[in-house]
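Dock chain B against the given chain A, drawing on the hints supplied.
Number of protein chains: 2
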Amino acid sequence: MLRLVPLGAAVRQLPAGPASRARAWAWAWPLGPGGVLPRRAGGSGWRPALKTPKGTRDHPPAHTALRDRLLAAVVACFKRHGAAAIDTPVLELRETLMGKYGEEAKLIYELQDQGGELLALRYDLTVPFARYLAMNKITNMKRYHIAKVYRRDNPATTRGRYREFYQCDFDIAGQFDPMIPDAECLKIVHEILSDLQLGDFLIKVNDRRILNGIFAVCGIPESKFITMCCSVDKLDKVPWEEVRSEMVGEKGLSPEAADHIGEYVQLHGGLELIEQLLQDPKLSQNKLAKEGLGDMKLLFEYLTLFGITGKISFDLSLARGLDYYTGVIFEAVLLQQENDHVEEPVSVGSVAGGGRYDGLVGMFDPKGRKVPCVGISIGIERIFSILEQRMKASGEKVRTTETQVLVATPHKHLLAARLKLISELWGAGIKAEMLYKKDPKLLKQLQYCEDMGIPLAAIVGDQELTDGVVKLRDVATRKEVDIPREKLVDEIRRRLEP
Amino acid sequence: MLRLVPLGAAVRQLPAGPASRARAWAWAWPLGPGGVLPRRAGGSGWRPALKTPKGTRDHPPAHTALRDRLLAAVVACFKRHGAAAIDTPVLELRETLMGKYGEEAKLIYELQDQGGELLALRYDLTVPFARYLAMNKITNMKRYHIAKVYRRDNPATTRGRYREFYQCDFDIAGQFDPMIPDAECLKIVHEILSDLQLGDFLIKVNDRRILNGIFAVCGIPESKFITMCCSVDKLDKVPWEEVRSEMVGEKGLSPEAADHIGEYVQLHGGLELIEQLLQDPKLSQNKLAKEGLGDMKLLFEYLTLFGITGKISFDLSLARGLDYYTGVIFEAVLLQQENDHVEEPVSVGSVAGGGRYDGLVGMFDPKGRKVPCVGISIGIERIFSILEQRMKASGEKVRTTETQVLVATPHKHLLAARLKLISELWGAGIKAEMLYKKDPKLLKQLQYCEDMGIPLAAIVGDQELTDGVVKLRDVATRKEVDIPREKLVDEIRRRLEP
Numbered sequence: 035m036l037r038l039v040p041l042g043a044a045v046r047q048l049p050a051g052p053a054s055r056a057r058a059w060a061w062a063w064p065l066g067p068g069g070v071l072p073r074r075a076g077g078s079g080w081r082p083a084l085k086t087p088k089g090t091r092d093h094p095p096a097h098t099a100l101r102d103r104l105l106a107a108v109v110a111c112f113k114r115h116g117a118a119a120i121d122t123p124v125l126e127l128r129e130t131l132m133g134k135y136g137e138e139a140k141l142i143y144e145l146q147d148q149g150g151e152l153l154a155l156r157y158d159l160t161v162p163f164a165r166y167l168a169m170n171k172i173t174n175m176k177r178y179h180i181a182k183v184y185r186r187d188n189p190a191t192t193r194g195r196y197r198e199f200y201q202c203d204f205d206i207a208g209q210f211d212p213m214i215p216d217a218e219c220l221k222i223v224h225e226i227l228s229d230l231q232l233g234d235f236l237i238k239v240n241d242r243r244i245l246n247g248i249f250a251v252c253g254i255p256e257s258k259f260i261t262m263c264c265s266v267d268k269l270d271k272v273p274w275e276e277v278r279s280e281m282v283g284e285k286g287l288s289p290e291a292a293d294h295i296g297e298y299v300q301l302h303g304g305l306e307l308i309e310q311l312l313q314d315p316k317l318s319q320n321k322l323a324k325e326g327l328g329d330m331k332l333l334f335e336y337l338t339l340f341g342i343t344g345k346i347s348f349d350l351s352l353a354r355g356l357d358y359y360t361g362v363i364f365e366a367v368l369l370q371q372e373n374d375h376v377e378e379p380v381s382v383g384s385v386a387g388g389g390r391y392d393g394l395v396g397m398f399d400p401k402g403r404k405v406p407c408v409g410i411s412i413g414i415e416r417i418f419s420i421l422e423q424r425m426k427a428s429g430e431k432v433r434t435t436e437t438q439v440l441v442a443t444p445h446k447h448l449l450a451a452r453l454k455l456i457s458e459l460w461g462a463g464i465k466a467e468m469l470y471k472k473d474p475k476l477l478k479q480l481q482y483c484e485d486m487g488i489p490l491a492a493i494v495g496d497q498e499l500t501d502g503v504v505k506l507r508d509v510a511t512r513k514e515v516d517i518p519r520e521k522l523v524d525e526i527r528r529r530l531e532p
Numbered sequence: 035m036l037r038l039v040p041l042g043a044a045v046r047q048l049p050a051g052p053a054s055r056a057r058a059w060a061w062a063w064p065l066g067p068g069g070v071l072p073r074r075a076g077g078s079g080w081r082p083a084l085k086t087p088k089g090t091r092d093h094p095p096a097h098t099a100l101r102d103r104l105l106a107a108v109v110a111c112f113k114r115h116g117a118a119a120i121d122t123p124v125l126e127l128r129e130t131l132m133g134k135y136g137e138e139a140k141l142i143y144e145l146q147d148q149g150g151e152l153l154a155l156r157y158d159l160t161v162p163f164a165r166y167l168a169m170n171k172i173t174n175m176k177r178y179h180i181a182k183v184y185r186r187d188n189p190a191t192t193r194g195r196y197r198e199f200y201q202c203d204f205d206i207a208g209q210f211d212p213m214i215p216d217a218e219c220l221k222i223v224h225e226i227l228s229d230l231q232l233g234d235f236l237i238k239v240n241d242r243r244i245l246n247g248i249f250a251v252c253g254i255p256e257s258k259f260i261t262m263c264c265s266v267d268k269l270d271k272v273p274w275e276e277v278r279s280e281m282v283g284e285k286g287l288s289p290e291a292a293d294h295i296g297e298y299v300q301l302h303g304g305l306e307l308i309e310q311l312l313q314d315p316k317l318s319q320n321k322l323a324k325e326g327l328g329d330m331k332l333l334f335e336y337l338t339l340f341g342i343t344g345k346i347s348f349d350l351s352l353a354r355g356l357d358y359y360t361g362v363i364f365e366a367v368l369l370q371q372e373n374d375h376v377e378e379p380v381s382v383g384s385v386a387g388g389g390r391y392d393g394l395v396g397m398f399d400p401k402g403r404k405v406p407c408v409g410i411s412i413g414i415e416r417i418f419s420i421l422e423q424r425m426k427a428s429g430e431k432v433r434t435t436e437t438q439v440l441v442a443t444p445h446k447h448l449l450a451a452r453l454k455l456i457s458e459l460w461g462a463g464i465k466a467e468m469l470y471k472k473d474p475k476l477l478k479q480l481q482y483c484e485d486m487g488i489p490l491a492a493i494v495g496d497q498e499l500t501d502g503v504v505k506l507r508d509v510a511t512r513k514e515v516d517i518p519r520e521k522l523v524d525e526i527r528r529r530l531e532p
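First to last, the sequence lines map onto chains A and B.
Its first residue numbered 35, the first sequence is counted upward by one per residue in my numbering.
Its first residue numbered 35, the second sequence is counted upward by one per residue in my numbering.
For the record, the hints were derived by calculation from the structure and aren't laboratory data.
One thing to keep in mind: the hints can contain errors.
If chains are identical, the list can't say which one is meant, so a pair holds when it fits in one copy or spans any two.
When the alpha-carbon atoms are kept at most 30 Å apart in a straight line, the in silico DSBU-like pairs for lysine-lysine are as follows [stated by the list, open to error]:
hint: 1; residue 1: 321; residue 2: 471
hint: 2; residue 1: 478; residue 2: 285
hint: 3; residue 1: 475; residue 2: 85
hint: 4; residue 1: 431; residue 2: 471
hint: 5; residue 1: 88; residue 2: 331
hint: 6; residue 1: 113; residue 2: 85
All figures in this text were calculated on a predicted structure; none of them were measured in a lab.
Pulled out of the complex, with its shape left as it was, chain A reads as follows (with noise of 0.2 Å):
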């Protein structure tokens, strides 16, 4: 049993009264007194902008509704996977931020000096949970953590893409037998993008120390690895030439060093390549892309074990853009099936990615201790975006309410009935509404049920309240029956099973 913990003199959350610490105020705004906004005569005068911040935007209930279908989908996978659910702040100190974000760093948002410590919002999920982990010595959990991150992009909102998002993570920390979490990563990326019907679908798979075997192989220096993999990272958008010439114009290469690695980064498939990579001459020489590869071959043979390489293709020119990936990388997209036309199709294209990081919980670790980390991120707005414009395209309409029955009257001077009815029934737990009105029409009522998809009417006249009856309305028949009042929630309850 729950006990009852004795509580001390009330605190209020606000400080009232003149503030002690008091600021030279920012804003240049004409403030009354108290601090409130000068009266307005006739609503004349200077109004706030009324629009959200460039790249967000507000999600309205039928917005909320699906994305919280979607993310119940996703969580449901997380949890059958027996994932424990953490939280983090927002705001992150900026030095926990720093160097983690290669170029992308840019794109942080960071918080205004008030005094106290420098802030900065959340980039990516990752970092606070490698700094999470470190800050309490944690060497091995399995955790998901659904949230919003930031990130001052160019916003493409048609496309799914805004600078306040959702990230879905699921990640797996300890030190573990190869390939095993790793494997277990891309079988929860099969099953959500599975259950979620959204189509056809791929999941690329690579490993950053075969791309980095692959440079060291070609002749180029370490200190260009990452911005080859920049380079690499493009082949999705672009053709090979225009990556070579950006490799040999910009990025000073020979011809030769970028036709050599143009001869690997486009291979693509499954255990075949692996095993003959394995016997490339010269990348069997480099330490980095042997062990990479003979992971590789692991990881495909657990796969085989799930079932799923049917999905999963090896392809060397994925590279990711984060620069915190230290092994496996992968990233999921959906394929355009030829015969379906929309009119207005959504360009979306990776759904899920993510990869191993072995040396981020180190990074904050005061002794340097290295956890290692793989983990996948399921990019839930993307996903958003199809199944919106699906509903769109279909005419489909989201329920918004859940709400059972509508409380009625049909005529004046019945509030007083009302009110005792529908407290009745929330107290049943059915989910009820009235109209806040004194008097409202009976046909305002019924049409509000059908608008908002109410399936039933729960009718109080002076008749029925004398007879002790209630007349229970079917919304979409239009059948009415008078039900006891005693038997009126069972009734509910009967009408409403699945």
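Relative to the frame of chain A, chain B by itself:
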């Protein structure tokens, strides 16, 4: 049927390669090539402070599981009352928040000017809701919104007071007959606090119009109404004498005027007090006070029909800190029970609050059109602190995962068997885990079940594989039974039925 939307060219979220809009980078950090941290030998060198920003915290799995349970109860109530969910950005234009919070505005987190719009973090969910209504020209809506808000307040983390905290808001917007939506808001607070079994509570109710009427009949000029509210608002923490001396000493009231205010604001009661004040020779002459008292009487009538007046107190000392309230205001407090002693008491006062704000939407509307609103905010963080404290005191443990079965093996060389079996279980929707080791010891696997509260273990060894069975172990009783493989899923489901 949903149809697949054809995809255009793959688009990556993150720009790769040198940024075209690179800008002077403000962080004083020695970056290596590509913006990454320079490599450090043997873990030496500078490392970031391992902490979350002041006044914020991480929520580990046990917190998050408890909080999710708490939020589910609150959401169930909001849905029972027919509310739809919306979501708005954490970021708002600074001008959206300006002039809405009075003296508290100095607690708003501002973002650095990084070019583009000037932004701030939302301070509550009410102002964004009003902005949302005005922006979308919505004049009628019942919504809930559960999300984090940000206040640069002095944190008091032991009392559940943070700089980043959840708000759970329910609001009704629209032009309706008086006090019907207001009464529903109080009903919701009553239902939630009862459902959560937090112990005895009291909901204090007052009206800004009554307070302003009192100030007027005591001869206070209108310009001092807000600062008077701030003084009165302290009466839940300090005795009247202190408030009186602040009014006379700091705020320049005559002792007579202060005493006169004191006679009113120390009153509290029910319907009989409302009747008494309606007869008060001075107050009954004041238009505002009369309106407020008339509505308060109506409110009590409706609350009587809901059967909840036993926990409602008309309390003239209730003033509320925020500027935007225009009518009814309320606040729920938990009552300390005399016979209840726990070693470390948690001091929480107010656990819910709210009121009517009929002018806020009009501050955003280009033509100043008003949309009357009334709403409540459930103090989920404080309630969480109480529940957490109770769990600690009782020694009760929350399960942080929902795993039903651990797939285990009794000896070596059986990783493939585990991977195949767990894949079958996941496919059937069973929540299953396995250890990420090639050859884990059986004892370690069973220990993991006990540590994590996993009720079942499905064990496959060479003998079981030969016999086509799986050994199903009840972790609590240690009883093991061989189940034919094809019947395993059904047997697990049967055992886990509630």
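Structure-based check of each hint:
1. 321 <-> 471: Only across copies: residue 321 and residue 471 sit 24 Å apart there, 77 Å inside one copy, limit 30 Å.
2. 478 <-> 285: Result: close neither inside a copy nor across copies, 70 Å intra and 52 Å inter.
3. 475 <-> 85: neither (37 Å within a copy, 59 Å between copies)
4. 431 <-> 471: Intra 28 Å, inter 47 Å, cutoff 30 Å: intra-copy only.
5. 88 <-> 331: neither (45 Å within a copy, 47 Å between copies)
6. 113 <-> 85: Between copies only: 28 Å across chains, 37 Å inside a chain, cut-off 30 Å.
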